[in-house]
Amino acid sequence: MSTATAPAESTPRTYPSYAHALWRRVLLTREFAVIALLLVVFFYSRGNVPNFDGPLTLYYLFLDIAPILLIALPMTLVIVTGEIDLSVASVMGLSSALLGTLHADAGWSMPMAALAAILAGVLCGAVNGFLVAYVGLPSLAVTIGTLALYRGLAEGLLGTKAITDFPDKWRDWPSNRIFGDGTSYPMILVPFLVLLVLFVWLLHFSTFGRGVYEIGLNDEAAHFTGVNVERTKLLLFVMSGAVSAFAGLYFTLRYGSARGDNASGLELQVIAAVLLGGVSIFGGRGALHGVVAGVVLIGVISSAMRLEGYTVNKINIVIGTLLVLSVMATPAIAWVQRVWARRRLS
Amino acid sequence: MKIRNRRLSALAAVTVVASLALTACGSSDSDGGSSSSGGSDGGNVSVTFLPKNLGNPYFDTSDAGGKEAVEAFGGTYDEVGPDTATPDAQVSYINTAAQQGVNALVVSANDPEAICDALDEARDAGTKVVTFDSDTNPECRDLFINQATADGIAKVEVDMIAEQIGDSGQIAILSAAANATNQNAWIELMKKDLAADHPNIDLVDVVYGDDDDQTSFDKTAGLLESHPDLKGIISPTTVGIAAAARYLSTSDAKGKVALTGLGTPNQMREYVKDGTVTEFALWNPHDLGYLAAYAAQALVNGDITGAEGDSFTAGDLGDFTVGKDGTVLLGDPYRFNKDNIDDFDF
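The listed protein sequences correspond, in order, to chains A and B.
Under full-length UniProt numbering, the letters of the first sequence match residues 1 to 346, in that order.
Under full-length UniProt numbering, the letters of the second sequence match residues 1 to 346, in that order.
Derived by calculation from the structure, the hints in this document are not laboratory data.
Please note: incorrect hints may appear among the correct ones.
30 angstroms max Cα-Cα, derived DSSO-like pairs, lysine-lysine [unchecked claim]:
#1 B:K155 - A:K314
#2 A:K161 - B:K67
#3 B:K192 - B:K155
#4 A:K161 - B:K256
#5 B:K256 - B:K191
#6 A:K161 - B:K155
#7 B:K324 - B:K192
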């Protein structure tokens with residue numbers, strides 16, 4: 001980032017580790033800007049939006065954003081490497097269709113059908129990852145292709161049919177409340193929190209994660225510093241496929257309906273939330289706390305606006321504008337800093 | 001050193017996010033059950049329309065009918081909905097309506113099963129649920145406003161063709177796909193009706209356009225070629241009738257071969273005006289929405305419970321009686337011709 005000019009008075013020279021104090025580096029970031037905005041919107045809504053201040057609001061909010069939260073985790077890592085995975089929602093559809101056909105038509109038990117659906121997700125991710133990492137094709141092109149391919153398979157499996165024949169125990173599980181009636185936390189948050197810890201460790205606390213950032217900044221340089229670029233990318237796409245398949249199972253069970261067109265278009269909501277959370281689409285920059293805040297922020301805005309009686313068009317306008325502003329924010333701040341620096345010099 | 005501090009800040013960030021989420025929700029647990037404040041006070045009945053999607057001319061027409069009815073009985077009308085016709089998007093709006101405590105929700109379901117849990121929660125919160133156009137499973141709603149029965153549709157199509165060809169001569173049917181459930185049921189009923197009441201009409205062929213514009217167009221050409229004495233075509237599908245009308249309007253058969261069936265005014269307007277088509281049928285979505293709104297009001301006021309045999313008055317449309325499975329039938333299909341087609345825009 002900004003290079004510190006060393007104080008010249010003493011020899012031998014000592015360099016401060018950072019140009020700014022810790023609190024500035026932690027709080028004055030894109031991620032904390034999103035968190036701050038989330039808090040402002042949340043507390044404003046609690047005070048001003050009718051019916052927002054109740055346990056149901058957060059309960060429904062978590063149920064609605066759960067698939068986005070889940071997929072945003074691997075998606076963040078994929079985008080930090082400078083790649084993208086557009087096929088996630090189609091993998092959800094395929095896993096939903098597989099769960100339906102294997103359980104209801106082929107008579108498999110739920111755990112076996114669910115496992116098979118997740119394995120299918122792993123396979124879908126491996127195909128993406130192989131084509132991107134080892135064949136060297138651009139991920140945008142590859143995953144636009146597999147977006148259509150996986151969705152086609154899902155709709156081919158079920159046609160226009162919807163399978164609704166699932167055991168109640170499984171159907172109710174994701175929306176059961178962790179702490180009993182009247183509380184706000186659905187059970188799906190448990191697997192999400194487990195995955196969150198895992199992905200935070202992976203991206204921010206492991207050598208694998210350092211490699212992910214390095215690939216995003218410069219993959220050739222990363223290669224020469226000993227990062228296995230191909231393997232890293234393949235693994236990330238596999239994770240993306242597996243988590244998407246899991247999100248597909250959640251989606252199927254929450255709505256109690258396996259359909260080939262389940263979750264159509266969800267990939268764009270995931271990517272929008274990841275970018276809003278401060279991840280650079282060019283790679284190399286971003287952090288998971290920002291992404292989680294970005295997903296929740298979009299959820300809170302939608303929920304508050306719905307309760308205010310606004311409908312989808314206006315909600316989309318607000319979220320779209322926010323996203324454009326947030327993407328503009330980084331270059332805008334850099335520009336202001338350059339202008340200031342030039343002024344100080346002249 | 002550098003990495004160490006980044007780890008710390010990331011950890012700090014995660015802790016902050018987690019604790020914020022927990023405190024925010026913790027406080028909202030305490031004031032549960034305050035969710036029904038936006039509902040009725042005295043005679044003011046609040047009715048929310050939730051179509052399959054917004055920006056769909058068919059639902060714009062039905063919801064306008066609903067609005068007219070709600071304003072006529074002095075209630076509060078609202079329309080919300082998703083931009084794509086998916087069940088998961090509808091669930092968010094159903095949840096919101098439950099939180100707002102609206103008195104009645106009028107829904108056209110995107111999936112018979114997937115929105116059931118959400119509707120049940122809304123009904124537990126005291127909201128009456130009326131479905132129209134597309135039903136859910138009967139146990140998830142209080143009433144279904146049925147636009148037309150198979151008998152009614154078959155009868156009106158046979159009546160129209162009989163009137164237009166003078167009750168004698170060869171006719172053919174241009175259907176949707178060969179395995180289309182609705183169309184096949186109607187065709188069977190039409191055959192019975194023809195045999196019983198119209199002995200001079202000879203059904204010479206049934207062809208399938210697969211609800212594809214080009215296929216239907218080609219099949220129409222084929223019908224005219226293989227049956228030179230053909231006097232009329234019935235197409236019980238909106239895609240088929242529009243394609244057949246396009247073919248007839250530019251062929252020698254225009255005005256000589258009658259065409260009727262199920263169509264929408266916007267698709268058929270030019271062919272009615274240029275004389276290719278005399279009359280076709282569908283239901284009137286405006287009346288459908290109007291009736292659904294009155295049915296919702298009758299449920300909210302306790303005039304009816306949705307049991308078979310209950311009856312209520314729906315403004316200008318007159319009296320209606322609840323039939324089997326909580327279904328109210330709008331009536332006979334509505335006939336569109338050059339005198340009334342300009343009153344409709346869907």
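Hints, one by one, checked against the model:
no.	hint	in the structure
1	B:K155 - A:K314	44 angstroms, violated
2	A:K161 - B:K67	33 angstroms, violated
3	B:K192 - B:K155	10 angstroms, holds
4	A:K161 - B:K256	41 angstroms, violated
5	B:K256 - B:K191	23 angstroms, holds
6	A:K161 - B:K155	29 angstroms, holds
7	B:K324 - B:K192	24 angstroms, holds
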